[in-house]
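Asks: If you're matching them up, the sequences are chains E and C in order. Here this note's numbering is used: the first residue of the first sequence is 537, the next is one more, and so on. Here this note's numbering is used: the first residue of the second sequence is 537, the next is one more, and so on.
Calculated from the structure, these hints are not laboratory results. Ideal placement from N, C-alpha and C gives every residue a C-beta, glycine not left out. Any given hint might turn out to be false.
Covered stretches of chain C, as calculated for chain E (at least 3 residues, CB under 8 Å) [to be verified]:
#, segment
1, 552-559
2, 690-697
3, 711-722
Derived Cβ-Cβ restraints for the label pairs, each shown as a range [said to hold, decoys possible]:
#, chain 1, residue 1, chain 2, residue 2, range
4, E, 660, C, 660, 47 to 57 Å
5, C, 661, E, 586, 50 to 60 Å
6, C, 554, E, 552, 14 to 24 Å
7, C, 722, E, 722, 56 to 66 Å
8, C, 565, E, 545, 26 to 36 Å
9, E, 579, C, 724, 53 to 63 Å
There are 2 protein chains.
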Amino acid sequence: MEAKNKTTFLNPFSLGIDLATGDMPEATNHLIRRASDMKGYYLNENALEELIKRDSDPIHYEVFEIPVPEEYGHLMYCISKLFPGKIGEEYFFTKGHYHTVEETAEIYLCLKGEGYMVMKTSDGKSEEIRMERGQMVYVPPFWAHRSVNTGTEPLISFCVYPAEAGHNYGDIKEQGFPKRIFEKGNAIRII
Amino acid sequence: MEAKNKTTFLNPFSLGIDLATGDMPEATNHLIRRASDMKGYYLNENALEELIKRDSDPIHYEVFEIPVPEEYGHLMYCISKLFPGKIGEEYFFTKGHYHTVEETAEIYLCLKGEGYMVMKTSDGKSEEIRMERGQMVYVPPFWAHRSVNTGTEPLISFCVYPAEAGHNYGDIKEQGFPKRIFEKGNAIRII
Chain E
537 MEAKNKTTFL NPFSLGIDLA TGDMPEATNH LIRRASDMKG YYLNENALEE
587 LIKRDSDPIH YEVFEIPVPE EYGHLMYCIS KLFPGKIGEE YFFTKGHYHT
637 VEETAEIYLC LKGEGYMVMK TSDGKSEEIR MERGQMVYVP PFWAHRSVNT
687 GTEPLISFCV YPAEAGHNYG DIKEQGFPKR IFEKGNAIRI I
Chain C
537 MEAKNKTTFL NPFSLGIDLA TGDMPEATNH LIRRASDMKG YYLNENALEE
587 LIKRDSDPIH YEVFEIPVPE EYGHLMYCIS KLFPGKIGEE YFFTKGHYHT
637 VEETAEIYLC LKGEGYMVMK TSDGKSEEIR MERGQMVYVP PFWAHRSVNT
687 GTEPLISFCV YPAEAGHNYG DIKEQGFPKR IFEKGNAIRI I
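Same shape as in the complex, but just chain E:
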């Protein structure tokens, strides 16, 4: 039973997640994206450069996980934590990605914070869905997805996706998403 149908046999395990803060203290993988990793993504390049200098290239978002084999049948899961802030008038966001296996979905269960999941398809569809504690967002197969933090706290979600999905940053750095989210006149504007 070690590698039946190419799906690796594992023994069951568990780990603790603080459902108030999103802390996952047993996580063995910690992916960090700093402000400097976001060059080319925001409209206001100068504001990003200023942030990098002023705050010594701060963490922009981070992901915590205990990985499982990246194979059909397994499920990857993580805690995603996007810090609050703006680059000019534009709220902090994650790079966003398609799945390499594009016909795979992802589930986000928001534990803390406020924001949006911004999504698009390669043939031009666009959607955004509000995120707040207790809101579960279903990102269906074929949809690229980016989290945007429009609040004042970290935006923290528990995520699950098929372990073979992979990450494809595709056209996002060049084309972005059809919608960007700004603070204008103390209001959230989706443009």
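Let chain E serve as the given structure and place chain C on it in line with the hints.
Replies: Just chain C, lined up with the frame of chain E:
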């Protein structure tokens, strides 16, 4: 893009889950298992019959979901709610199942209550993992799994699994799991 690679195209959606109580008010599917559905599963058949008569066949456990297509790439998710109680000395449990596509995993994120995930493989391995609020249990591919409520409140979990997984109750009604969980002398005994 309507049915690329046989995976149905859906638009994104969201739904609310109360992270304190597990309530999912927008659920459109509600599966109910009553005490009478559990005939043949517990050691003390007479105690089960007495419960069915005394409490008018009460709900034993229930599942709430908004279904997605049962196809590769989609992810099914649900709230599972197992009531507290004992049949004789044996704590309430769910029937338990393998997945029909046996190489598919399942993730349980416990939101409320106390208990165990009891698991086995078809070649004789056995494991049990403690469940409590904030504990995430990874049920790997090939493992049959059953929830057991050893507490005094409902045992409530948010579950995610590949949408094509299916449920296979297999040998469980006849053979059960290698371990049963009892209350003996005010203590939890796993036997």
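Asks: Check the structure against each numbered hint from earlier and tell me which ones fail, lowest number first.
Replies: 3
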